[in-house]
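Undergrad: This is what each chain is made of:
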Amino acid sequence: MISFIVKRLLQSVMVMLTVAFVAFALFNYVGDPISNMVGQDTTFAEREQLREQLGLNDPFLVQFGRFVGNAVQGDFGLSYHHKQPVSNLIAERMPATLELSFISALISLLLGIPLGVYTALNRDSIMTKIIMTGSLIGVSLPTFLIGILMILLFGVVWRVLPTFGRGDVVMLGWWSTGLLTVTGLKSIIMPAFTLALFQMTLIMRLVRAEMLEVLRTDFIKFARARGLPRRSVNYRHALKNTLVPVITITGLQIGSIIAFAIITESVFQWPGMGLLFIQAISDVDIPIMAAYLVMIALFFVVINLIVDILYFLVDPRLRVDRVSGSH
Amino acid sequence: MKQALKRFFDGDLWYSFSHSPVVILSAVITLLIILSAIFAPMIAPHNPFDLASIDIMDSNLPPAWNEFDGDMRFLLGTDDQGRDILSTILYGARISLLVGFASVAFSVVLGVGLGLISGYAGGRTDTFIMRIADVQLSFPAILIALLIDGVARGIFPRDLHDELAVYVLIFAIGISGWVQYARTVRGATMVEKGKEYVQAARVIGIRPGTILFRHILPNVTGPVLVIGTIHLALAIITEATLSFLGVGVPPTTPSLGTLIRIGNDYLFSGEWWISIFPGIALILLVLAVNLLGDWLRDALNPKLR
Amino acid sequence: MTLFKKSLLVAAAIGAIAMAAPSQAQTFKYAFQGDLGSLDPYSLNETFTLGFQGNFYDALTAYDENLKLIPALATSWENPEPNKWIFHLREGVKFHNGNPFTADDVIFSWKRAQTDGSDLRGRAGQIASMTKVDDYTIEATTSQPNAVLMQDLTFLYIMDKEWSEENNTLEATSPSDTNTNNYANLHENGTGPFMVVERQPDVKTKLVRFDGYWKDIKSNVKEIEFTPIKQAATRVAALISGEMDLVYPVPVQDWQRLDEAKGVAPLTGPEARTIFLGMDQERDELLYSNIKGKNPLKDQKVRAAFAHALNLDAIKQKIMRGASTSAGTLIAPQINGYNAEIAKPYTYDPKLSKQLLTEAGYPDGFEIGMDCPNDRYVNDEKTCQAVASMLAKVGIKVDLNAQPKAKYFAKILATGGFDTSFYLLGWTPGSIDAHNAILNLLHSVNKDAQQGMFNLGHYSNARVDELTGEIGKETDPAKRQAMIDEAFQIVKDEVGYLPLHQQPLSWGVRDGVSVVQRADNVLDFRNIVVPE
Amino acid sequence: MALLEIKDLRIEFPSRRGTMVAVDKVSLQVNPGEVLGVVGESGAGKSTIGNAVIGLLEPPGRMAAGEVYLKGERIDNLSDREKRKLRGKRIGMIFQDPLTSLDPLQTIEKQLVETIELHLDVTEAEAKDRAVDLLRQVGIPDPEHRVKQYPHQFSGGMRQRVVIALALCAEPEVIIADEPTTALDVSIQAQILELIKKLCVEKNVGMMIITHDMGVIADVTDRVAVMYRGNLVEEGTTAKILGDPDHPYTQSLISAVPRPDKRLDRFPLVEYIESAGETKKSLDIANHWLGQARDFGDHYTGPLIHVENLYMRFLTKNSIFKKNRSYFDAVKDANFEINSGEIFGLVGESGSGKSTIARMISGLYTPAEGSIYFAGTDLTQITTEKKRDHFRRQMQMIFQDPFSSLNPRMKVMDIIAEPIRFHGLASSRAETESIVRDLLDHVGLGVAAAMKYPHEFSGGQRQRISIARALATRPRFLICDEPTSALDVSIQAQILNLLKDLQAELGLTMLFISHDLPVIRQMCDKVGVMRYGQLLEVAETEQLFENPQHEYSQHLLELMPKLTNVKAA
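Residue numbers (this note's numbering), protein chains in the order written: chain Y, 1 to 327; chain G, 1 to 305; chain X, 1 to 532; chain C, 1 to 569.
Check each hint, because a few of them may be wrong.
Using 20 Å as the maximum straight-line C-alpha spacing, the simulated SDA-like pairs for lysine to any residue come out as follows [stated by the list, open to error]: (1) X:Lys294 - X:Lys204; (2) X:Lys29 - Y:Leu161; (3) Y:Lys186 - X:Lys204; (4) X:Lys204 - Y:Ala91; (5) Y:Lys7 - C:Lys317.
Sample of chain G residues facing chain Y (criterion: CB under 7 Å; computed from the structure) [what the hints assert, rightly or not]: (6) Leu217; (7) Val286; (8) Asn290.
Just so you know, these hints were derived from the structure itself, not from any lab.
Here a beta-carbon is modelled for each residue, glycine too, at the ideal position from N, C-alpha and C.
Go ahead and model the full structure; you've got the sequences and the hints to work with.
TA: Right under this line is the structure:
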């Protein structure tokens, strides 16, 4: 177990280095950061001087090496645009994104799993068909349009929910949370649902497919042959086995929720990392872009690790050193 | 051939298809949209991509049935440049579908190829490819597309940009989709590899390449088809989303997504038709494709029959 | 578990307090499409940032509601010799921390504005030397006579020397700063009417009224909350839904909606920015064209054909919803040096345009690549599309490349090697004076002398170059105006540029809130009055 | 009164192509303390009977007619809820595959306790005690400890014991066992059957064993019901059915069972079924393509195959460090020879390494150590693919599973033509196709088969296609890896006959692998016995069966179902 985690961590470091490298290689082409850092009257000599100071004229590998060297010490440099340490900015914005992602992951799990179970158990009912088709409508529209339409309805026409931002936040140490205030809770409803819609459909469909598969296995048949009540068969045996593969996919989905938050955050002006990133792209704020990509990779890596550990906990077959059937 | 057709119409696939009105409707809608996209130049009342033919003075006209400003020339109204919405939807669907199909084809070729190699070769090759897949996964589609678009604009000469925009989208959406195919095909390949028909081929002496393509490939296409259908819907949506982020086809030749994004600016001002009509077209297309994918998934899964 | 419960309780308590806090003050909430770059007044030479900073900082001079120059921290000034200036400073002015304002602060600020990280070196550099005469008098010299020095100084804010020294922020904030946490970036200590109490870049900035402000102002606002909202739709929704008192910019097409919506209204006016099209008149072969071996745009007839092909009225009516002012010259009416006669647009005459093209040898037109930003100016991309469509009607096939401003500027500016043959640009002379436009847009490109740096198409005329220098030195208004007119007339005759319009200022305001919309799109808090 | 009585049962599976009648007019009785065997070949409908009794027919299957009585009480018309109460409590069920019958995520204890608590009115502690007790009863050593374990920690045989314990939980009156030992090795099979028999007598329950295996029938049942295509063709005491069957189907079925006691020239065929007519058409081998060019150019006269000190290892735990890696020795130091024209058998239980040897010879695995000489050439020393092809052509392989050994996406024509094309054995397309047609004819499938896909054929027919493919390179050495173990006994007889004929006609040398001793006795000239990767004994077939030397060989022979009372063919 320990060696497994260590191995996984080593691989993760490689993954993150690769991400950083690829990201860095791409940055050379995303635009000229200087023209976004200065006003229109700034002379070209001054611009060139700034470029030199920032090390933008150094060879690519030197820039990359410098970035990695600093990043391992938690230093992602200064944002070109905000002129602040990127690590501070990310730390400020992370709670917003993580809360949004967490809530929408929660929504997609709390709705997706029961709906998936329901549609699997009642395979041919009318309700199932309605749910299955209805859930597709939600994912057949681009997120931004759903967001705008929601703002239009709930914010402008009915005026029941705030149209932008996080509402009031409360600081718990360095962590700012909007989950403890009324405005904060109201503010998170629309973005979280917008973000959750896609994942919910996905999880629902996954649970349904896996559940149908599990329901056909011998041990379920045997459980029924022993006279176990429907509830026990469906939930204690079938659902639990269904969730094992669902864990992996869900893990990956949570990772992509964080990434997809870019759109949601930008529609709802949600002050998270995604908004920071999208702003950074238009400002060609390379330190923020690099740090964001590395952070996303880090989240993926951490989530993957958690998923693997969960696997160990849930599936007893993995707990003993298994003999791999390589032949 | 005749026999093959007969077998097809006798088969379970056709049976489940012909007995599900929803699926038939989806197929009809998909086909209709695809056909009208292909034949857009013939059926569209205007050519919205021909700048000389559009007049700014016709801009923002409501649908023809509007009693005040409706203009019979423009059945579904016009957009902010005076383009006929109906024609633009037809032409836009062409681009959306092109991007969708081509990017799926790209992911399929890349993903299936790598999946086959990974699953068949195993060992270090497998580990290597799967680690690349991990890295790829930590770059979600949208991020990849944003970065690739930036890079492409940086690398390629300017006069290629307009033509390139579509290819960049195809590449960006395609490259972010291969992992799913690779993983699925890898798994299926590992199962197929252990099957005795593959061993029989090896005993005969057939070379790995031939085994992969002639023997294993045809047997792992089922799940690829299913993922591909759903991925097609996703690709079309992703293209639309990217156009929202300002990465996409040029506004002079809008796709459905670009059109919706343009219309987005006019939602508050009451010129809803610019975004709602293409939005409906997009929903119809994506929903139909998704439903087809759903049906295909169940129909091709022998265990669920 | 218990620990977790406890912290939850604590958190809930904090939450309750936060919610219970009543808003006693008159709070004014507003949103703009972006955030100010920094609180440091020298870190970014950009109108929005400087305009915002003007609410907590003061400069020696200032603009009033109509962009007229008025005294601020300097009560008066003299220009005894062409290159010599004497400033008399206001007494009794206090910084937000209570420190008194003196001549030392001015000299310190001038020096700090010229440090490496400063983006205002151009403005501060106009003054060659500065010496303290007494605590409230300063003597300055310039290297040459300068007609617009006082205008240039309106945005050169005065910082507190002691405060800066205490907090070790002796240099302007810059991303290349080794002093990674420049104090002035997130904190301020100005003399302005408002004080920043909370600053979260790109999220929220909160200001409260500074009671010790030296001047009586109209505003009755006690607290201001500023939120950047990038998406136009979200921004407008926030106003209509009642969450905002003012938002800007509002898309011009949404004016009607704001008019109809209860409790809000659009606030519009002409902006001092002129939008125009530039053409490459230097290269011997156009970059993105099917014409090889020559550059059609070097031919005045072709440029004139372009000018007559553009239906500015249609752009105004359809794209700008009647809110813009069609333009025939590169400066707006608010700018010093404007002449209504010269500002008459070229006539829209596609027939003439066709004929000119035929005369020039292009009866079937030609292809040309066009660069355009899509997030910089009001409906910029839509305008470019309309231009493309209009040119198509006379046979010019435009290949439009619309990009976000970051990429757009990287490509077309000097740093990108002026990689463009036809582009859309907007220009507001920072000094509200024609000279700034002439120097940057009309003068031949001279990188070393920093002349014509935004003359991306390399328009060049010897007489205009000559005039540029004269205008910069000439202090007699009438003579100066004549020279300005001459320069613009030459450009107009040669069709050096294709002016389009002055774009509208487009704000959305809650009913009952009174603000002043300045032509440079700056919101001066001093003028905000909210209902009691 | 019978414990379980089935009267005039009819089970239908409606589908769009019409209603399939799986079981019709079947009446059966199970008495207390008695084991009733229901025997039949695949598709006979025997499993559906078991499912129908406990009310777990897979939809859309339904009971169209008939009645089921438990102790005189009608149960087939009970509500779902009442039926559920019967399951486990009064009727226990045991399924075929112990590996998949248990919930992998829960401990044995949890699964047992859940079932016990459901059916018996006991406290949790009592249920736990009972769980341990049950495990002890079914012969699981150290039950107190093992009850806390998960299913994957048990071997296949042990899991089947757990399954039996679960079925016995609530002391049911009737137990239905659906192929309870099919997935198990011979030695385990014997133990489980013994256990079932013992429990049946001790607890005086009635048992219905559903199986296709005459050996099982002979070993444990008291009475036998023979099913054929959904109908009950004959019922009687085991001795009567095996020794003196009345119905012609039963007669031919029993005669097709390979005899362990003496070697016959050919297998008697089950004449009752239609496909029995599919024997090969005679072909003038000497003048045919197949018979020509059988000169392989080496004029080698020694043993065709000579295996020397052969080892095979599989990595079981990988590690960056060599010393942390662990291996599993699948084959240890195997040595044997196969003479030209001889059929060499390898026998052993699953995992004994017999298939691994076949795969090493055929080149699918590379041996860890040792040499394989084919006609005097050491195959392990061949480096180029080209040279290897020369030998590949001379040896072919027939696999166990007829369902996976043919590529489902290729037409039979292409499947058989592939080796001909690859080795360039025919000069034209037309020639290739005509050869394929002849081959199909020769293995008894008929020319029309060429244009069909594998899924259109039954298991036996597919195995014929496999044989045709193997013959297509005109090999001189054929490896048969359990070629008939997935087939019904009547089909098995046909295939084995075909192999025998071909071997005789073409003078083939064969390596024949099977776990089934009677089959080995019928097919092979020489036999090697394997266990745990070791070749324990190599002997002439008759010698081995009459006088086994190794202890394990003796043990295996003892476990072999004797079918002593079976009527001689």
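Undergrad: Now tell me, hint by hint, if it's right for this structure.
TA: Evaluated hints:
{"no.": "1", "hint": "X:Lys294 - X:Lys204", "result": "violated (53 Å)"}
{"no.": "2", "hint": "X:Lys29 - Y:Leu161", "result": "holds (17 Å)"}
{"no.": "3", "hint": "Y:Lys186 - X:Lys204", "result": "holds (18 Å)"}
{"no.": "4", "hint": "X:Lys204 - Y:Ala91", "result": "holds (16 Å)"}
{"no.": "5", "hint": "Y:Lys7 - C:Lys317", "result": "holds (14 Å)"}
{"no.": "6", "hint": "Leu217", "result": "violated (24 Å)"}
{"no.": "7", "hint": "Val286", "result": "holds (4 Å)"}
{"no.": "8", "hint": "Asn290", "result": "holds (5 Å)"}
Hint compliance for this structure: hints 1, 6 are not met, and every other hint is.
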